[in-house]
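S.K.: In case you want the letters, here they are:
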Amino acid sequence: MALKSAIRNLRNNPQLLFVRLPNILSFLCIVVGVVWLLLLPLNDYSRQTYISENALLPGQVHAYFTGSEQNIFRGYKKEIQALIQEGPAGLKVATQKYEYTSAGIGYQGENVYGIIHAPRGDATEAIVLVAAWKTADDELNLNGVTLALTLARYFKRWSLWSKDIIFVFPPDSKTGTQAWIDAYHDLHPATVQPLPLKSGALQGALVIEYPFENHFHTLHIVYDGVNGQLPNLDLFNTAVAIAGGQMGIGANLQEMWKHDDSYQDRLKTILRGMTKQGLGYATGAHSSFMPYHIDAITLQPKGEGWEDEMALGRTIESLCRSLNNLLEHLHQSFFFYLLMQSNRFVSIGTYLPSAMLIAGNFTIMAIALWMRTGYYSDSKPGVSAGSDTPKSKSEKPSGTVTEKEVTESKLNGSTVAERVLALPLTLVSGLHLIGLVPLWIFNTIFHQYFTAATYIFVGVDVVLPLILAALLSNGLGISRPIVPQQYLLIKSFALLLLGLSLSTLATLNFSLSFMIGLLCAPLTFITRIQGAAAVRYPISVLGLALLNLLSPPAVLIGVCWYTGVPIETVLTQAAFGWDVWGMWTQVVVWCVWWPAWLIGCVLLGSSMF
Amino acid sequence: MTVYSLFSFLLALAVTLWSSPVSASSDYHEQLFLQPLPQSSLLASFNFRGNTSQQSFDNQHFQYFPRALGQILQHAHTKELHLRFSTGRWDAESWGPRPWNGSKEGGTGVELWAWIDAADDEEAFAKWITLTQSLSGLFCASLNFVDSTRTTRPVVSFEPTGDHPKVDGLHLLHGTLPGEVVCTENLTPFLKLLPCKGKAGISTLFDGHKLFDAAWQSMSVDMRPICPSDGDCIVQIEQTVDMVLDIERSKRPRSNPIPRPVPNEQLLCDTSKPYNSHDTCYPLEKASGNAWSLQEVFGRTLNGVCPLADSDEQQSVCLRVPHERQVFHSEGAVEQKKADGFTRCFSLSSSQPFDLSIPEQAVQTEVALEEPVLHAERTIVGHGQERGGMRIIFGNPSKTTDVDFILFESLPWYLRPYIHTLQATITGPDGVPREVPASELVTGTFYRPAIDRERGTQLELALSVPAASTVTLTYDFEKAILRYNEYPPDANRGFNVAPAVIRILNAPDSAPIYIRSTSLLLPLPTPDFSMPYNVIILTSTVIALAFGTVFNILVRRVVSVDEAAALGAQSLKGRILGKLVAIRDRIKKKETKVE
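These protein sequence lines are chains A and B, in that order.
Using the UniProt record's numbering, the first residue of the first sequence is number 1, and each one after it goes up by one.
Using the UniProt record's numbering, the first residue of the second sequence is number 1, and each one after it goes up by one.
The following block holds chain A by itself, in its conformation from the complex (with noise of 0.2 Å):
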C-alpha cells in the first residue's frame, strides 16, 4: 500500500516526476558510477589474471639463449656501433621506405625486415619481433637491436618453429611499424613502399627496447594500442608468467616502478592506464598492430640490478615458443580489462557499468526533458486538480505561452501539448555538424599555429554561444521568438545525442566515455535561468565562467599547464595521430562533447537575453 500511495503521489506530481526526480537520478548515476570505478581496486571486485588458453604454455620450455651467444651479441653491438648494417645469413631481407606529412612536419625512413622461413613451415602465419633503432622515448636502442639480431641468428638453428618469424627494424617507434604494418596489409598511402616480401597471418608481435648499457632489474610491459585497443590478456599474462615465473625478473606496468599492492597504487595504476586509454595515442612500436587484430606488447627493461641482456633474450625467446606453440588466433582470453597490478585485473563486465551509469546519466534526463515537453508545466492546477499537494513554489507561467493555449487545453481536458521540433533539431544537428570546423583544423594546420589557434578558441568559445544564445532569444529575423519548451528540447537532444554516443564509446573505449562523461556531467543540470534580471545576470555570468573552464580548449591548456607539456606538442600529436594511426580521440572530442558543451552555453547564455 505503501508503494501504491507514492506511485500515486507521483503521478499526482509532475513537478516532483519530470524536474527534481531526473534531477536526483541523475546527479546519483554519477555518483555511483564515479564510486564504481573507486571500488574496482578492491579485492572483492577484481581477480586474479590466469593463462585462458592453454596451448601457450608459458615458461614450459627451457630457453637455452645463454653462453657462447653473448659473444655474438657482443660482436653483432660492435657492428651496429660501427653503423653497419648486415644481419645474419640465412634470413631473407627486404627493405621499405615510407614518407608521411602531419601538421607541416615530414617523417620519413626506411624499415629493415628479415623473416625466418619456418622449417616445414609454409608460410601460413607468423610472428613479428620488432626492434626499433629508436625508442618510443627516442633514445638509441643499441641493445634491443642487437639482441634481436643475435637472436635472429640464434633462431634460425632451431627446427621447431611452426610459424615465420619476420625481424623488423624501423627507424622509429612513431612511423616505422605503422607504415610496415599497413603495407603488410596492402592498407598503406602512397607515400609509403609496399612490401617485397611476405609471410602469412601474423599471430603476435613483440617489441624489443633496451637503450642503456647497465644491467636491469625490472620488466616494464607497455601494452596500450592506437584507440585504447589493447592486446589478449593472455599475451600480458604470458610475459608476466615467463619473466616472473621462469626468468624471475619482476614485472612492472605503466610506470608504477614501486608497487605495494596498496588500495593507491592499485587505482593509481588504473587512472593511469585509463589515461592512456583514454588519449588513445600510441604508447610504443607495437601499438600500431593492435588495429589489425595482431596482439602486441613492448618489453622494456628497466632498473638498475644484476639482469643482463641474455636474461631478456631468453625471455623474449621463451615467450616465443610460447607464440609458437599457438594452434589458433589469441581469442581465450580478455580483450577489455584494466590492470592493476601485473597479476590482477577487472574485465569490461565489472567495470563497464561506470561509464555506462555516467553515459545514462544524460539519457536519463534527456528522456525527462521529452516527457516534461509534453505537459504544459504551468497548467498544473488542471493536471492535480483535486489533488492534495501543496504547490507551495507554483512556477510563474510563462510570458510566451499565451493564455489562450492554456485556457484551450484547460477546455479540452488535455494535458498533452505539441512539440516545436524543427529549432531544437536543427540547431543540435546545425552545432553538430560545425564540430566538424575544429577537428579540421586542429588536423590540417601547420604545427607552429596550434598554440595560438587553442587561445583562439579560447575565446571563440566565449563569444560564439553568447551570440547564438542572443541570436536564439530575438528571434531568427525569420522565425517566431522561441519558446520555453524549445529551450528544453533543445538540451533534451543534445543530452539524448551525447548519451547515445557515450555509451556507444563505453564499449569501444572505456575511458574515453568516461573521461568526457565527467567533463561533460555539469551540463545535465544547466538549465535556463529564469526570473529576476538581478538574479538572471549574475548567475548566468557566473555559470558560463564555469562553464569556459570547462570547455575542450580550457581544458587541454589546463592539462598543459598541470603537465608542463607544451600544447604544440599535444596537438602536433594528435594531429600525427589522427594522420598516421588512425586515431579518433579528437573525433570524439569535436563532434561529441564540444557541440554538447555548446549547447550548455548557449542554454545559459540565453538567460541574460
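FYI, nobody ran anything at the bench for these hints, they're computed from the structure.
Positions of the beta carbon are idealized from the N, C-alpha and C atoms, including for glycine.
Please note: incorrect hints may appear among the correct ones.
Per the computed footprint, the stretches of chain B lying under chain A, defined by three or more beta-carbons under 8 Å from a beta-carbon of chain A, are [what the hints assert, rightly or not]: (1) 87–93; (2) 190–199; (3) 242–253; (4) 262–272; (5) 514–527.
Only part of the chain B face toward chain A is listed, based on derived beta-carbon distances under 7 Å [unchecked claim]: (6) 108; (7) 213; (8) 256; (9) 283; (10) 375; (11) 379; (12) 413; (13) 484; (14) 488; (15) 490; (16) 495.
Got chain A; can you put chain B on it based on the hints?
M.R.: This is chain B only, laid out in the frame that chain A set:
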C-alpha cells in the same frame, strides 16, 4: 663453361623415358640424386619406377605394380593418377628451379588429380569419390574429405601425361587438402608400395625422423599408361620423394638434438675485426662447403641394392658436386664421373652397405643454379571480418622472353571472389608501376562460380608477363558467414585456402613446368563459441522461471477463505459428482459414436 643443372638432367632423363620405346614390358628402376644447395642444404631426390604390361595389369597380374593400388585404380576406372604429399616450401630464391620442373610436387598438404573413365559427369564423380575413399584408407590421409566443395574439373591446367587410346570418356578431377599434415603415417604405406619395401636399395635411407625434419619435402605417386607406337601398352607407376635437408640440422645426433650454444672455443669468429676478443665475436658463416656423409644426414647407410631393380643399370646413386671436390665412398662401389664436370654416379655392390662422405673443402667452382622461369607469390591482403583481397605477384626475371602461363585457383565456397574487381598492375624494368586493364594481360579466362556448400570457385586464367617485368594481380573477395556447426574445432586458426597452381606454357614440346604458391590462411568471422553455452544456460533459466510462474497461475485457483471452507466440505460429494459426470460423459460419447 656450360652448366647443366641437376634439374635439366632430371628433366632430360624424364624426357628420354617418355620418348624412348620401353624395351622390357615389365621392369623396375630406382635412382637417387643428391645435390648440395646453398645455405647448407642438401637436395635428395629419390625416384622409383615400375612398369607392367597393360595386359597383365588388366588380368590382375601384378609384379612391380603394387596390387593394393592397382585394384583400387581398376575398381574406380582410373586411367591416370597423380597423388602428391608435400610439406614446407621450396625456396626458389636460394635453391633455384624446382626438381622435375615442379611436375612431381604438389601444393602444401595433399593434392590428387586423376583421369577417370566414365560415361558422364555424375558417374565420374561417383567413381572419384570411390577413388578418394579408397586412397584415404591406403595412404592414411584424410583424402575422404575431398568432397564436391573441394573437387574441381580443371580445363587447361593439366594434361594427361600418359597415352590414352580414347580421350572422350576421360574426366579429369582434381582435389586438394591444403590443411593436411603429411607425416610418417603417410610414408609407411608409401614405402609398402615399393617392391623392396624399404628393406634394400635406396629406399633404406628413409627415416621418418629425418624425412619430416626436412625444410621441404614432397612425395608423389604417378600412374599412367604408356603406349609406344610399336609394341604393347604398359602401365607405369612412378614414385618420387624429393626433400631438402638442412645439413647442419640433420647432422645433429639423435641423442643431443638441441642446438645449444656452442662452447666459446668452437665459435667461428671473424678475427679481422678490431674488437675480436675472448668474449666478443662477430660470427663468420662457413665459406667452404659443409662436410657430410649419408650416414650423418640420413642417420643410416644405404643397404645394398634392391635385387629387383634392373641389373644392367647399376648407377643408382648420383651426386652433383664439382669434380674437384673430394668424395669418399665405401668399398665395393664404383665411381663414374660424367663429362659435364659436376655429376658423378656410383654403381653399388649388391651386398655391401654404401656410404658417401664429403669432407669440408674450399672449392673454386660452384654448381651454378639456374634462374627460375617465373617467381610467384600469393597473399591475402586487407583486414576485417567482412572483406579481403587476394594479391598475386608474378615476376619474370628473364631479360628477353615473355612468360605465358596458366593460373589455376580453386577457392573454397566461403571465399567469394568478385571477378569484376580483377586488376593488374605492371612494373616494367624502369620500376614504375602502372595500372593496366586486366584484359590486357589475361588472354583467356575459365571461371566456374561457387555454389554455397556445394562447390568451390574454379578460376583458370591464361596470362602473359612481359620480359623483366612484375605483374601484380588483385581481386577482392567477401567472406561468408558459416553456420555454427560448419566451423572446425580450431575455428580461430582460420581456414586453409589451397595453393594456386601455375603451369608455364613456354616450351610446348618439353615437359610442362609447374609452380605452386604457398597455401593461405583465411580468417573468417568466428562467433565466440562460449556464447551459445551461456545463451543456452540463460534461456533455460528464463524458460524454467516463466514456465513455473505460468503453470502456477494456470493451475492454482485463488479463492476467499469462506469459499475454501465450502470447497473442503464439498470435497467428498464433489468428487463423487465429478466421477458420475465423467461416467455419464463417457457413455454419452459412446452413444454419439455409435450413432
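S.K.: Now look at each hint and say whether the structure bears it out.
M.R.: Results of checking the hints against the structure:
1. Proximity of the stretch 87–93 of chain B to chain A, defined as three or more residues with a beta carbon under 8 Å from a beta carbon of that chain, is established by the 5 residues found.
2. Proximity of the stretch 190–199 of chain B to chain A, defined as three or more residues with a beta carbon under 8 Å from a beta carbon of that chain, is not established by the 0 residues found.
3. Remark: the stretch 242–253 of chain B is confirmed as covered by chain A, as 3 of its residues place a Cβ nearer than 8 Å to a Cβ of that chain, reaching the required three.
4. Interface restraint, the stretch 262–272 of chain B with chain A: holds (7 residues with C-beta to C-beta distance below 8 Å; minimum three).
5. Given as covered by chain A, the stretch 514–527 of chain B passes the check, having 6 residues with a CB less than 8 Å from a CB of that chain where 3 are the minimum.
6. This hint holds: residue 108 (chain B) has a C-beta 4 Å from the nearest C-beta of chain A, less than the 7 Å allowed.
7. Residue-level restraint check for residue 213 (chain B) holds (minimum Cβ-Cβ distance to chain A is 6 Å; threshold 7 Å).
8. A least Cβ separation of about 12 Å between residue 256 (chain B) and chain A goes past the 7 Å threshold, and the interface hint is therefore violated.
9. Given hint, residue 283 (chain B) at the interface with chain A, holds; its Cβ is 5 Å from that chain's nearest Cβ, closer than 7 Å.
10. Interface hint at residue 375 (chain B): violated, since its Cβ lies 11 Å from the closest Cβ of chain A, which is beyond the 7 Å cut-off.
11. For residue 379 (chain B), the shortest C-beta to C-beta distance to chain A is roughly 5 Å, which falls under 7 Å, so the interface hint holds.
12. With 7 Å as the threshold, the beta carbon of residue 413 (chain B) stays out of range of chain A, its nearest partner Cβ sitting at about 20 Å, so the hint is violated.
13. With a cut of 7 Å, the hint placing residue 484 (chain B) at the interface with chain A is violated, because the nearest CB-to-CB distance is about 16 Å.
14. Interface hint at residue 488 (chain B): violated, since its Cβ lies 10 Å from the closest Cβ of chain A, which is beyond the 7 Å cut-off.
15. Interface hint at residue 490 (chain B): satisfied, since its Cβ lies 5 Å from the closest Cβ of chain A, which is below the 7 Å cut-off.
16. Here the hint on residue 495 (chain B) is broken, as its CB sits about 11 Å from the closest CB of chain A, past 7 Å.
In summary, the numbered hints that this structure violates are 2, 8, 10, 12, 13, 14 and 16.
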